[in-house]
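With the hints as constraints, model all of the structure from the sequences given.
The primary structure of each chain is shown beneath.
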Amino acid sequence: MASVIQPEIAPGTVRTVPSLLSIHEVAKSFGPTPVLRNISLDIAEGEFLTILGESGSGKTTLLRIIGGFETADSGKILMGGERLDPLPPYRRRVNTVFQHYALFPHLTVEENVGYGLRVAKVSREELASRVEQALAMVKMTAYAGSKPSKISGGQQQRVALARALVNRPQLLLLDEPLSALDANLRRQMQVELKSLQREVGISFVFVTHDQDEAMVMSDRIALLRLGELEQVASPREIYSRPATAYTAQFIGHTNLLRGEVKGGIVRCHSLSWRVDLPDGPVLFSLRPENIRFAAGPLGSNAVHFRARLRTRIFHGATELLQAECADGLVLSLRTASYDNRHGDLDLEFAPADAIPVRDSDDLKNRN
Amino acid sequence: MFSRAYRAAITIPPLLWVALFLLLPYALLFCYSFWSVSPAQMIVRSWTLNNYRELFRVNVYLQTLFRSMWIAARVTIFSLLLGYPLAYYLSFGAGVKKDFLYQLVIIPLWVSYLVRAYAWKTILGSDGVLNTLLQYVHLTSHPLNFLLYSPFAVVLTLTHIYTPFAFLPIYAALEHIPRNLIEASHDLGAPPLQTFRRVILPLSIPGVLAGATFAFVLSLGDFLAPLLLGGPSGIMISNIVVSLFGAAYNWPLGAAISFGMLVLVIGLLFLSERLEKKWSFR
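As given, the protein sequences belong to chains A and B, one line each in that order. If you count the first sequence from 1, position 355 lands on 355 in the numbering used here, and the numbers rise without skipping. If you count the second sequence from 1, position 34 lands on 34 in the numbering used here, and the numbers rise without skipping.
Since the hints were made in silico from the structure, they are not lab data. C-beta atoms are modelled at their ideal positions from N, C-alpha and C, and glycine is treated no differently. Take the hints with a grain of salt, since some may be wrong.
[Stated by the list, open to error] With a straight-line cut-off of 27 Å between C-alpha atoms, the simulated BS3-like cross-links for lysine-lysine are:
no., chain 1, residue 1, chain 2, residue 2
1, A, K139, A, K121
2, A, K139, A, K194
3, A, K147, B, K278
4, A, K150, B, K277
5, B, K277, A, K147
6, A, K121, A, K147
7, A, K150, B, K121
8, A, K150, A, K139
[To be verified] Partner residues are not named here, just some residues of chain B that face chain A (Cβ under 10 Å, in silico):
no., residue
9, L101
10, V105
11, L181
12, D187
[Unchecked claim] Computed list of chain B residues with no C-beta within reach of chain A, every gap over 10 Å:
no., residue
13, F2
14, R4
15, A8
16, T64
17, L133
18, P151
19, L168
So, in structure tokens, the structure goes:
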């Protein structure tokens, strides 16, 4: 798991920041294919919200509806309390960083950045100083006179960002802006983009299919699946308390344990522990890092079991092990890579780390 | 990569073709332009610059050249005025009808030039469709004569014939503009008209230049439209060349005019290519 840089908001904290953008029950179909169903989402002022989803989940369409490049079939969007959705894109106080940057090839870097201000008929002096500031902010001052075709992908990315931010939008939309960059530059830009967002205090809506990226950058993640919101929560919460099996699997690795609750005791293969759940079938998500080697004598309330090591996958600082219990149940666990145990392992986990999740298979079979 | 024999086999035939049917005739033309005609109507193969002096000495040649350029310029302007909006509409506004409309623009190119020129003759003539109609609705009492056998008829016909040639490169240029640039422009606050002026138009300039070059060069050298529809006031430079090579039997002077035209056109093509390079950003 990538390190998680998190804002100072504990899970469960109630936000009091006023909402900037409200999406109400937006739906959209392309022909007979529904792309978005019943999306409702609030974006707070100064928030970094990531719309995360696989390809085909509708995330780009949702962003394009906010930007005004697509029209929703139903529902409405409010910004600062006023209807946004009837306005054409050029009247929205929203700017976009496009996936392939979309810099104007016939204009220099400087002219690209100044485009919105020139259209808005900002005075010559103000235009010059704001463009200069914006270029300095993304460290592109040295390339002011270059044509976009003469600068690298990462630099084009910065120019696209400056071109959008120089207009001081209330909301910035970013459509997979880092997807064309190589891995190292990408990680560097993630951090830069996040700190830039803190600095300017503008709300960002960031679209990506990369869950690590979403974790590193976001205040909140809106996980989109087959056109529906699966879960909206802070990265910490969405990781530690996934609502559905899909969320648990999509964000990080997990073990899904299917069991049966009877009289406050859950039985899952040969494992059992005490839960506060009603009787019936149940599904748990148990993160690999929450399974550990049993430390000492049995005791506490940890669930203890024994499993045989099957495979180990080296990940650098950590290693992912697969261990099989006597009853055939295979579990993944994450350990520090210097651990050299093999053969039969004595393992345990805390019942509180097994999170009951909603089964997502009903969704999977619906289309 | 390929064997020598293979490369020779594929390059020699076209080179021979070009040498035999293009370079050799041009070389002959070039020689002729320095020869002369004896009073007994024989070609005298001794070198002289008289033909080129004649070009500048006799007014009618330069006058006709300027008239041809003026006609070609008008044809160019009208072809662009018709071709650009058409290309714009097809590229941005036509939606699913695009391919069908594109074919409608192309189909006239399959019809013989001669047929299209004759069609205008029947439309514009004194007993033609247009005059008959105007008299029928009593807009005029007698046929309008300026319609046919005038520079107007030539410009009209050539515009009709060469508009597709202006349209095609403009359409290609518009089709090549990434659509996200237009979205980016809207996103940055520019309404459609400003987006056109600041993004679409500058990016389509290479197409406009190519289209203008086609229309101008092709109509500058045209001789059929002025022959059929131009009348005495609509004569163009190619008609003079034709008569010099024909009835007047002065091949050397005809060759000199042709060579002058060739140099002029090559100069134009060179200029147009330089400008297109300057306006392309890829």
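Hint-by-hint comparison with the structure:
Between the alpha carbons of A/K139 and A/K121 the distance comes to roughly 25 Å, so the proposed pair stays at or under 27 Å and holds. Our distance criterion of 27 Å between C-alpha atoms is met by A/K139 and A/K194, whose separation comes to about 15 Å. Distance restraint check for A/K147 and B/K278: the Cα-Cα separation of roughly 13 Å lies within the 27 Å cut-off, and the hinted pair is therefore satisfied. A distance of roughly 16 Å separates the Cα atoms of A/K150 and B/K277; the hinted pair therefore holds under the 27 Å criterion.
Between B/K277 and A/K147, the direct Cα distance comes to roughly 15 Å. Compliance with the 27 Å bound is thereby established for this hinted pair. With a C-alpha separation of about 23 Å, the suggested pair A/K121 and A/K147 falls inside the 27 Å cut-off, and the hint holds. With a C-alpha separation of about 55 Å, the suggested pair A/K150 and B/K121 falls outside the 27 Å cut-off, and the hint is violated. For the proposed pair A/K150 and A/K139, the alpha carbon gap of about 16 Å is at most 27 Å, so the pair holds.
With a least beta-carbon distance of about 23 Å to chain A, the hint placing B/L101 at the interface is violated under the 10 Å criterion. Checking B/V105 against chain A by beta carbon gives a least distance of about 27 Å; that is not within 10 Å, so the hint is violated. The interface hint given for B/L181 is met, as the beta carbon of that residue sits about 5 Å from the closest beta carbon of chain A, less than 10 Å. Because the smallest distance between the Cβ of B/D187 and any Cβ of chain A comes to about 5 Å, under 10 Å, the interface hint for this residue holds.
Look at B/F2: its CB is around 33 Å from the nearest CB on chain A, clear of 10 Å, so calling it non-interface holds up. Interface exclusion of B/R4 from chain A stands, the closest Cβ pair being 38 Å apart, more than 10 Å. No Cβ of chain A approaches the Cβ of B/A8 within 10 Å, the least distance being about 39 Å, so the stated non-interface status holds. Chain A leaves B/T64 outside its interface by the beta-carbon criterion, the shortest separation being 40 Å against a cut-off of 10 Å.
Listed as a non-interface residue, B/L133 keeps its Cβ farther than 10 Å from every Cβ of chain A; the least gap is roughly 45 Å. At roughly 38 Å, the least C-beta separation between B/P151 and chain A is larger than 10 Å, which holds for a residue marked as non-interface. Its beta-carbon lying about 22 Å from the closest one in chain A, B/L168 satisfies the requirement of being farther than 10 Å from that chain.
Hints 7, 9 and 10, counting from the list given before, are not met by this structure.
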